[in-house]
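Asks: Each chain, letter by letter, is given below.
There are 2 protein chains.
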Amino acid sequence: MSKSDGSVARVGEAELKRYCVDVLGHVGVSQADAAVIIDNLVEADLRGVDSHGVVRFPIYVERLAAGGSNPRPNIRFVRETRTTGVLDGDNGLGQLVGVRAMEAAIEKARDGDCAFVSVRNSNHYGAAAYYAEMATRHDMIGLTFTIGGINHMTPWGGAEAMLGNNPFAVAFPTGGDFPVVLDMACSVAARGKIIVAAKDGTPIPADWASGPDGAPTTDPVEALKGFVLPVGGPKGYALTMTVGLLSSMLSGAYFGSEVTHMYDDLETPQNIGHLFGVLPIASFEDVGRYKERMAKAARDICGVKKAPGVERIYLPGEREYLKMQDRRKSGIPLSRAVFAELRELGQRYGVALAEA
Amino acid sequence: MSKSDGSVARVGEAELKRYCVDVLGHVGVSQADAAVIIDNLVEADLRGVDSHGVVRFPIYVERLAAGGSNPRPNIRFVRETRTTGVLDGDNGLGQLVGVRAMEAAIEKARDGDCAFVSVRNSNHYGAAAYYAEMATRHDMIGLTFTIGGINHMTPWGGAEAMLGNNPFAVAFPTGGDFPVVLDMACSVAARGKIIVAAKDGTPIPADWASGPDGAPTTDPVEALKGFVLPVGGPKGYALTMTVGLLSSMLSGAYFGSEVTHMYDDLETPQNIGHLFGVLPIASFEDVGRYKERMAKAARDICGVKKAPGVERIYLPGEREYLKMQDRRKSGIPLSRAVFAELRELGQRYGVALAEA
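Those sequence lines, one after another, are chains A and B.
In terms of my numbering, the first sequence opens at residue 1 and continues consecutively.
In terms of my numbering, the second sequence opens at residue 1 and continues consecutively.
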């Protein structure tokens, strides 16, 4: 009996990457670009952030096939100073554009400056943590902000979607095995959890969602017709708006009523915006001392007295790191539905996908 | 009958500022420095952010008098590049140190660079929005992060305070009457609201606080022995840790177990850290086009369909702006308790405070 029997299909990292790169090749993406895109996508699966992994792959391929995204983008700076830049993604996949933008920010900061690069004409860029972590490998703090690909939130008090559940990430280098990473969207709960509750017929907590009239609801079916609610009420509204403005107003990317629906309209370029920033540690603090202090901070945090039933305190990003170690060894578990969808997509292009 | 009769004392802006500057003079602060400090403090009262206004004035004076803060700091850069700097606040009041740091960041960004200045050896700096807004007057986006003056939060799953309710602010210039400003701490509710509930004997929502064992509680008395809970659970934990690390690890300011209690220990310098950043609009986008787009974004947000019972949608920072217009005219309402405390403090130094 294979490990893959049962409710999930287990797929090896290398196999999943090969499959994705092959499929992207069939919709016009070069092998080099596809490798960049897929490293990001599969890392999300490895880290257990399944919502931003290969579950998104079919929609990326659909959009490329339908002309909504550009498989061969000419990514270029349209405005630049020594420490800032505006990158036009030429409607390329967000993962490719995002990596190029963060690489450019890191390059600009090589001599000790802080640097920020904004991006327009991009697409959904997957898990934000990936870009922030890139900076940590150069002993820099990395920051990134993005417009979400769908408006799922209302302004506080509203009953009409006008804001994305805009994610952002900040990553800190450490002297340990993994960086400390915040990666969050601004809703209390992901929409996926509401979909699960609707399927199960169980009520949802009152702070997860509002119905189509904008009033909070515990009925998941009403919630799916409505909106996700932001963390901390008006705080989360202000936060998701801030992330959205940072991601769009510095580049000319779309915001608010300009944002189209990633899944419902496959043909119109989304003009998604991002912002990437880096702060090189050495310009502020001796890197060795910084790492010692980060290690002490980690001991402080993880060493606190625990609440009843809690076995261990995790640093932000630690669970994802541990999950990645596990999945690198034992493969990536995909739901049968996702696995079937990927296989079906592959068949369209003659690309197989094998279980581990 | 004066407007000040009843449950609040109403004090004019100019009178309140004069009183505060005079008192600070008696504990060694120069008139010029005091004016800077008090502009920030009283602006919080004007904006309705009473928790960061003159309610904090007595503790600032106590700490100055007890030697916990330095009335005549020698604020200076200890590390600097063209776009970054580390400012040592020499244990001056946070409002003074913060303004100097943000001024320095703005100066560094004058030729179009982004710039970040970290701070160590500072103190509680009041309302974060004030510093972020400074940048908007130069057509720059302003960002600021700070360590809170007291550890009120546990790491997620913990039962021991190891994190401040660390605030941060981001402000965007607009072409309108006021900037768009996010200014938030990371808890669901301010501790002050729990104090009020305890006085009233009313239960608190389950997501506001945990008791001393780290388990969530609706009993405000238990909550006051325990900890405030972060917005979005583990998200808010990661967020407050991120704000704390940004504020301390780039400057050598205290974090975690190093943080002393602002009110319980008046004599030990707190070594509070902050971070200030600016992004000049013109380096990314034509300023006129940016302002047009911000105006369109505001129309999008404020024009959405409203939830039942909602009369108006506000932009982040708009309520505070409106409150300021009102209080500039009609005076600042102080609770009788706060007014009495200020008068008593003034009497110690022969400084009067008059009601409007």
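It is possible that some hints are incorrect.
[Said to hold, decoys possible] Covered by chain A, per the in silico footprint, the following chain B stretches (three or more residues, Cβ under 8 Å):
hint, stretch
1, 31 to 37
2, 50 to 60
3, 83 to 94
4, 295 to 308
5, 337 to 348
In case anyone wonders, no lab produced these hints; they're calculated from the structure.
From a predicted model like this one, the values you see are computed outputs, not experimental measurements.
Yeah, the Cβ is synthetic: ideal placement off N, Cα and C, and Gly gets one too.
Asks: Does each hint fit the structure? Answer for all of them.
Replies: Evaluation of the provided hints:
1. 31 to 37: Per the Cβ count (0), the hint is violated.
2. 50 to 60: Not satisfied, violated; 0 residues make the cut.
3. 83 to 94: holds (count 3)
4. 295 to 308: holds (count 10)
5. 337 to 348: Violated - the stretch 337 to 348 of chain B has 0 residues with a Cβ nearer than 8 Å to chain A, which falls short of three.
Violated hints, in rising order: 1, 2, 5; the structure is consistent with all others.
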